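Peer 1: Letter by letter, the chains look like this.
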Amino acid sequence: MYQLKFDQKVCASCRSADCLLKCQYMTFTGHKEAHGEMMKIMKGKDSRVLSECMTCYACEEYCTRGNHPFYLISEKREEKGIFTAPRPITNQWINMTVMQGKCLVGNVKDKALSCCYIPDLGPLGTGEIFKDVADAGVFGAEFMCPAVHTHFARMSVIKERLPIVIENYRKLGVKEVICLHDECYGTLTSIAQAYGMEVPFQPVYYLDYVLQRMKELKDKIKPLNITVAYQRSCSNRLIPDKHALVKKIFTLIGVKAPKRTYQDENALCCAEILRSISGYKLADDVQKRNIDDMLAADAEYCVFNCPACQTSLAEKVAKRGLKPVHIIDLCKMAIGEKERGTL
Amino acid sequence: MSDILQSLIDIVGERSVSNAPEELWFYSRDPGVLAPHKPDYVVAPKTTEEVQKIVQLACREKVPVVPMGNGMSLAGLVIPLKGGIVLDMKRMNKILEVNPMARYVVVEGGTSQGALKSYLQKNHPTLRHSIPDAPATTTIAANVSLHGQGRLTNQYGFNSDMVTGLEVVLPTGEICRIGSPSIGPYWISKGPTMPDLSGLFLGWLGCTGIITKVGLKLYPNKKFRDAELFVTDRVDLIPDILYKLTHLEMLEDINVWFQPKPLMFLGNYHITIFFTGDTEEEIEFKRKMIWDCLQEHMDAKDGGFMSIQYMKAMLLEMPGRNIADFADVPKGGGFEYSGPIAPIEHFPQYAAKVVELAAKYNVLYASTARLISGGHSMMYSISFAFNRNDKAMMDRVEQALTEATAFALDMGGIPWKPNHKEQKMLLERMEPNARRLLLMIKKNLDPQGIMNPGNWEVNA
Ligand SMILES: Cc1cc2nc3c(=O)[nH]c(=O)nc-3n(C[C@H](O)[C@H](O)[C@H](O)COP(=O)(O)OP(=O)(O)OC[C@H]3O[C@@H](n4cnc5c(N)ncnc54)[C@H](O)[C@@H]3O)c2cc1C
Ligand code: SF4
Ligand code: SF4
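Order-wise, the sequence lines are chains C and B. Using numbering that gives the first Met the number 0, the first residue of the first sequence is number 0, and each one after it goes up by one. Using numbering that gives the first Met the number 0, the first residue of the second sequence is number 0, and each one after it goes up by one.
For the record, the hints were derived by calculation from the structure and aren't laboratory data. There's no promise every hint is true.
As the list claims (entries may be wrong) - A few chain B residues that face chain C, going by a derived Cβ cut-off under 7 angstroms, partial list only:
(1) Gln258
(2) Leu262
(3) Leu265
(4) Met297
Predicted model only: the values in this text are computed from it and were never measured. Cβ atoms here follow ideal geometry from the backbone N, Cα and C, with glycine treated the same way.
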């Protein structure tokens with residue numbers, strides 16, 4: 000069985016304990032307490048973090064010393080039989096994502112376009128931007144990154160299923176897998192690396208691909224001249240170095256994203272997982288603060304990077320006058336493939 | 000040509016009578032597992048007077064008459080067990096009157112649920128009726144004659160409780176109005192404050208007369224409908240969860256279901272909670288009340304709410320489509336259920352029984368309970384799917400359903416829309432004086448024993 004690589008010495012000597020000090024859902028009196036809790040977790044002792052963590056993934060970004068605090072928290076929770084969300088919800092996710100040989104595989108040669116197990120991704124990976132890879136789509140539990148189970152502290156499911164997913168891609172003989180979902184790219188890079196799993200192909204982050212294509216399509220771009228608020232996804236925290244791509248794309252297509260309180264490291268997640276874990280109160284509060292903040296920035300559109308965030312927030316932002324749009328569709332608008340407002 | 004055929008033609012015209020073998024084949028069966036039996040004639044009347052003349056003829060000639068709506072009870076209730084005339088009521092489909100202020104509608108005895116739904120949507124968008132999850136082509140009169148349940152049953156009781164008056168053709172041919180329409184022009188009460196004669200027809204499965212008009216209560220059609228889906232893997236908690244939810248006294252409908260396929264449903268019990276409101280604030284308020292009342296189960300990690308955005312449109316469909324989808328899982332599109340009315344505290348025992356029966360008879364199960372009248376009871380459906388082309392599988396389903404009925408009776412439940420075999424099981428358990436009372440009623444109303452014979456056949 001794969002083991003999480005977690006360097007205890009790095010933690011022991013950590014002067015920041017940013018992983019917990021920056022946490023948006025728990026407060027600590029200072030470094031001493033936060034660091035102390037992390038040390039307890041590391042040593043397998045009980046810690047309030049194990050019952051209070053909301054699984055927002057952000058500490059994966061806050062730790063800049065190469066450790067994986069969130070994966071560790073999830074490991075320890077599972078070891079201790081602690082559930083984050085209610086047990087039936089946890090098990091439902093496990094059952095729902097079992098591989099049953101019902102996947103769809105397009106015309107895959109050396110590149111595959113991963114649609115994970117999210118039907119909404121298929122239509123996004125089309126048009127001029129994806130014209131070279133649109134027919135190389137793969138979809139289904141067999142190609143689904145199992146990262147969602149971290150939300151439920153079921154790392155054993157990830158350790159069991161991720162090697163099979165990687166093997167399924169290997170069997171396709173691909174050199175590159177373009178991941179349309181942050182979670183897939185985060186899984187194939189961050190999680191696989193943290194557990195020492197070898198990935199025998201190159202995972203490609205879709206926004207890298209989109210940026211490159213938009214540069215190639217520069218002549219077709221008509222600047223959108225709109226103001227947006229960007230909804231950062233939880234899984235983007237697994238790949239923080241990729242966050243800057245959003246700004247580059249916005250600049251290229253003439254989109255302004257004014258400074259907000261909840262952005263970058265301080266971004267708020269879509270909060271749907273909070274609803275599952277603790278009920279509506281916290282989730283409603285987070286969503287309200289987030290949307291208030293988008294409006295305070297005079298945004299006209301709310302731009303998503305993740306279809307799951309879009310599903311949970313689209314109606315809510317729309318009710319408050321913001322137009323919900325996936326970043327790929329925004330790019331399609333910029334090259335005239337999609338009309339504004341027809342999302 | 001036989002005298003009866005000619006007489007029927009004289010009453011309704013040639014196009015509305017048939018004894019052609021292909022028609023008789025069709026009218027000899029229903030979609031459930033019971034064996035077919037051929038009628039001698041199929042007749043489709045258009046008016047109450049035609050119904051009256053047909054019944055007078057049948058009474059004179061001692062020919063059985065089986066009223067039929069859409070034949071979808073699944074329990075073989077329109078299979079003409081002793082031949083005779085199947086009276087297909089579907090041509091009597093007029094919506095006669097809507098009284099919007101008193102919130103009732105009067106329809107003819109063959110009017111379908113779908114026709115009334117779309118009529119109200121178009122003409123009275125602020126009104127609705129209690130739609131069952133049966134196909135939209137099923138009929139209102141049939142539904143109340145078997146004590147059906149619909150989307151508003153949790154709030155207002157069985158659909159038959161919503162009747163506001165009847166017009167019936169008695170087995171001896173008299174046309175008779177029941178309730179307030181027997182006194183004056185208004186269809187506002189099926190009985191009170193008089194002795195409630197509607198009980199002579201409701202629940203009788205067409206054995207005491209033919210309903211030619213039904214008055215039915217209508218209810219406010221709120222601007223918004225919404226749903227939440229709570230899941231738990233602890234069956235022992237279900238009664239408490241249902242008790243808490245019904246205590247809110249603000250829910251449209253509550254259904255509890257579990258099934259082994261698709262895999263995402265395995266191992267969990269699902270409680271679909273429907274609610275309505277005229278403003279978003281009202282909806283959000285109710286949503287919070289629902290979540291709050293189950294918070295303790297969430298905190299204990301025993302249950303939680305599913306994220307249902309992607310399936311909400313399907314959940315909110317009326318009638319719901321998922322039961323019919325389930326029928327086709329083993330291919331061959333068949334399903335039947337036994338649906339005892341039982342106290343909600345027995346949910347765990349019924350749930351265990353479904354699984355036990357499915358394993359014993361090697362058939363696929365699904366189970367949905369619908370709450371009645373705010374939790375006084377539930378309709379607990381023990382459903383099995385089958386392939387119509389597989390006789391052995393159908394036999395196993397029939398045995399499983401019979402055993403389910405015996406179990407329900409042992410548990411003090413009442414079989415709902417029982418087939419003729421289950422009716423006998425029920426009558427055997429009935430307190431003898433109550434049984435004699437039934438016999439007295441049936442004999443007096445139907446002295447020739449022509450109405451849907453084989454059903455509710457009471458022996459002294
Ligand atoms: C997928 C599916 C889902 C279902 N869900 C529900 C549900 O949610 N709630 C529910 O209540 N039922 C449900 N049912 C069962 C059934 O379909 C309904 O109860 C429906 O209302 C039966 O109507 P019908 O017109 O098909 O009745 P039929 O089968 O034609 O008749 C039923 C009984 O009524 C008698 N009858 C018919 N017309 C008259 C009349 N005019 N006068 C006197 N007696 C008459 C018949 O003789 C028979 O005994 C479901 C069935 C299916 C297939
Ligand atoms: S996980 Fe990272 S930030 Fe947290 S204590 Fe360890 S090294 Fe420091
Ligand atoms: S995952 Fe989020 S909630 Fe949990 S400890 Fe890390 S930062 Fe805090």
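Peer 1: Tell me, in ascending order, the numbers of any earlier hints that this structure violates.
Peer 2: Violated hint: only 1; rest satisfied.
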